[in-house]
Amino acid sequence: MSPEQIVSIVMFVILLVIVIGGVHLAFALMFIGLFFGLIFQGASFLPIAVLQTFDVMESEVMIAVPLFVFMGTILERTGITEKVYQNLYEWFGPVRGGLAIATIITCMIFAACTGVIAATVTAMTLIAVPAMLKRKYDKGLASGVVCAGGSLGILIPPSVMLVMYGPMANLSVAKLFAAALFPGLLLSALYLIYIVVRCWLDPKAAPAIPREERPPYNWTLVKKSVYIMVPTVILIAAVLGSIMAGVASPTEASGVGAFFALLLAAFYHELTFKNVRAAAYDTLIVTAMVCFIILGAGIFNAVFLYLGGGTLVANLLIGLPFGKWFVLFVMMFILFIGGFFISWQALLFIVVPVFLPVVTKLGFDQLWFGMLVCVNLQMSFLTPPFAYAIFFLKGSAPPEITTWDIYWGVIPFVILQAVGLFMCVVWPDIILWLPRVTLGAGGR
Amino acid sequence: MKWIQYIDRISEWTGTAAAWLVLPLTLLVTYEVVMRNFFNQPSNWGYDVFWMLYSLSFMIGGAYTLLRKGHVRIDIVYNVMPKRMQLIFDIVVYAVFFLFVTIVFTWAGIQFAADAWVSGEHLSTSTWKFPSAPIKTVIPVGFFLLGLQSLAELIRCLSNLRKGGPKA
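Residue numbers (my numbering), protein chains in the order written: chain A, 346 to 789; chain B, -10 to 157.
The set of hints was computed from the structure by calculation and includes no laboratory data.
Treat the hints loosely; a few may be bogus.
[Stated by the list, open to error] Each computed BS3-like pair below joins lysine-lysine, with the alpha-carbon atoms no more than 27 Å apart:
1) A:Lys569 to A:Lys479
2) A:Lys619 to B:Lys58
3) A:Lys479 to A:Lys428
4) B:Lys152 to B:Lys58
5) B:Lys58 to A:Lys739
6) A:Lys549 to A:Lys479
7) A:Lys569 to A:Lys428
8) A:Lys739 to B:Lys72
9) B:Lys72 to B:Lys58
Note that the structure is a prediction, hence the values are computed from the model and not measured.
Kindly generate the complete structure, drawing on both the sequences and the hints.
Next up, the structure:
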C-alpha cells in the first residue's frame, strides 16, 4: 500500500464522517476534493476542477433532469394524484385491503411520471393515509404502503437516479430506463401480493368498505375513470415508450413530456401562473441540488482515483474469499447498511464509483449491476434513522401515527425489497430482457 | 441586518430568473423534436442552446437553493445537537466549507472565463459556432452568488448566536 493510497483512504473516511455529521453533501465533496487536490497536485488542480464543472454543464443527458422534474411537479400541481386515487378508491374500496392496493397502483402510475419521491410520498400521505385510517386500517400497514409505494418513483423510469447513474458508470440512460421497468413492476407486484395475503390472513388489518357505503359500479364511474386515467396513461406510454423503443433520447422525451404535462394541466383547468411558478421553483431546487452533488462527486473522485484509492478498494474486494458471488453479496450488504445512515445520493456518488471497476474485473454485467444498486437503494428510503420516505411521511402525517408505527410498518416492505433484489440476482433477465430486445445488447 | 436582507433579495431575484428558464427549455426541446421528426429540419443550434439554458439555470440557481435550504445534508446527528451547538456547527460549515469552495471556484472560474474572452474562443458541436466566453463566465458568477449567500447564512448564524436565541 503506497502512502498516496493511505491518504486516499483517510480522505474517504473524513468525507464519510463529515457527511454523516451534517455537512451538506455537495460541499463536503467539493471541499475535500479541492483540499486534497491542491495539496497533491498544486495549483494545476484548479483548471481540472473548473473543467469538471464545465463537463457537468455540457452534459447532454443531464438536460433531462430539470425537464423530468418539471413534468412531475406540473402534474402534481394539477391535483391529478388525488383524482386518480379517488377513482381507484371507488374501484377497490369493496375489497379487503382495497385502499392499500389503490395506494400502490396510484404510486406506480406517478412513479412513471416523476423522477423523485418527495412529491408522491407527501401527496399520498395527505390523501391516502387519512382515508385508510378512517376505514380502520392498521397504522403500520398504511404508513408502510405509502413509504414503499412512494419510493418506487425513483426506480420506475423516468428517474433522476437513473439519469445520474448513466454518465457516472458510462452507461446509456435509455438502457437503464428499459432495464428498470421490470424490477419496478416486480417490487410493485410483491407489495400487492403481500397486501392481499396479509388482509386475507388478518382481515382486521384492512377491512373492506361496508356494503351500504360502497359507491355503485356504473357507467358514471367508468366514464370518470376514462376522463382521469386515459390522458395520464397516454403521457406515460408516449414518454417511456419513445425512449425504450429508441425513437427519442431521454432529453427529447423529457422535453416533450414536460410539454404534454403543461397541456394536461390546461385540460384540467389547472394551468395557472401560480402553479407553473411553484413547479418551476421546485424544479430549480431539485436540479441545483442534484447538479452540485454531481459536480462535487466529479472533483472528489478525480482526486481519489489520482491517489490510487480506487485500485486499493478494488484489490481488497477482489481479494475476498469464497468467490465472486460473495464479493457481490459484500457490496450489496455495504449499500444496505449504508442506507440506514446516509442518503442515496451519497451512496451513489461516494460508494458506488469504488465498486464499478470491481464489477468489470469480476465479469459481471455493468447494466445488471447498476440495476441491482438501484433496487438495493430502494431499501435506503425505508431504513431509519436516515430514510427519506419516512421523513416525508412524518412531515405531513396525522399526529396519531407515531414514529414506531412507521418503523414497524416498513419492516415487511424492506424484506419484500430484499426478496426482489434476490430475484433480480437469480434471474438476471428480469433486468436485462427488455433493454436487450428493444435497444440491443451491451451496456452503452 | 440590512446586509443579509439585500443578499437574500439578490438570491431571490436570480433564483426566480433561473427557475423560469425551464419553460423556454421545455418549449425549445419540443420545437426541436417536432421540426426534426415531422418536418425533417433539425436545427444546428438545438443541443448547444439546450445545455446552455440548463446549465445557466442550475449554476445561477445554486444560491437560491441554499437560501431555501435545498442542498442535501444528513441531519441525524445535527438534529440531536443542542440548539447552540447547531449554530456553532453551521458557522463552521459556512465559514470553512462553503466560503472556501466558493472563493476558490470563483477565482479559478474567473481565470477560466478570462482565457476564453481574451482568446475569443469559439466552440461547436455542429456547424453552429458560438463564442464560449459568455457561458464560461457563468461559472464564476454562479459561485460568486453562492458565496454571497453563504456569507449571509454565516452572518445570520453569528447574530443568532450573539443574541443567544435559536430563532432563524
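Hints, one by one, checked against the model:
no. : hint                 : result
1   : A:Lys569 to A:Lys479 : holds, 24 Å
2   : A:Lys619 to B:Lys58  : holds, 21 Å
3   : A:Lys479 to A:Lys428 : holds, 18 Å
4   : B:Lys152 to B:Lys58  : holds, 22 Å
5   : B:Lys58 to A:Lys739  : holds, 19 Å
6   : A:Lys549 to A:Lys479 : holds, 13 Å
7   : A:Lys569 to A:Lys428 : holds, 10 Å
8   : A:Lys739 to B:Lys72  : holds, 22 Å
9   : B:Lys72 to B:Lys58   : holds, 17 Å
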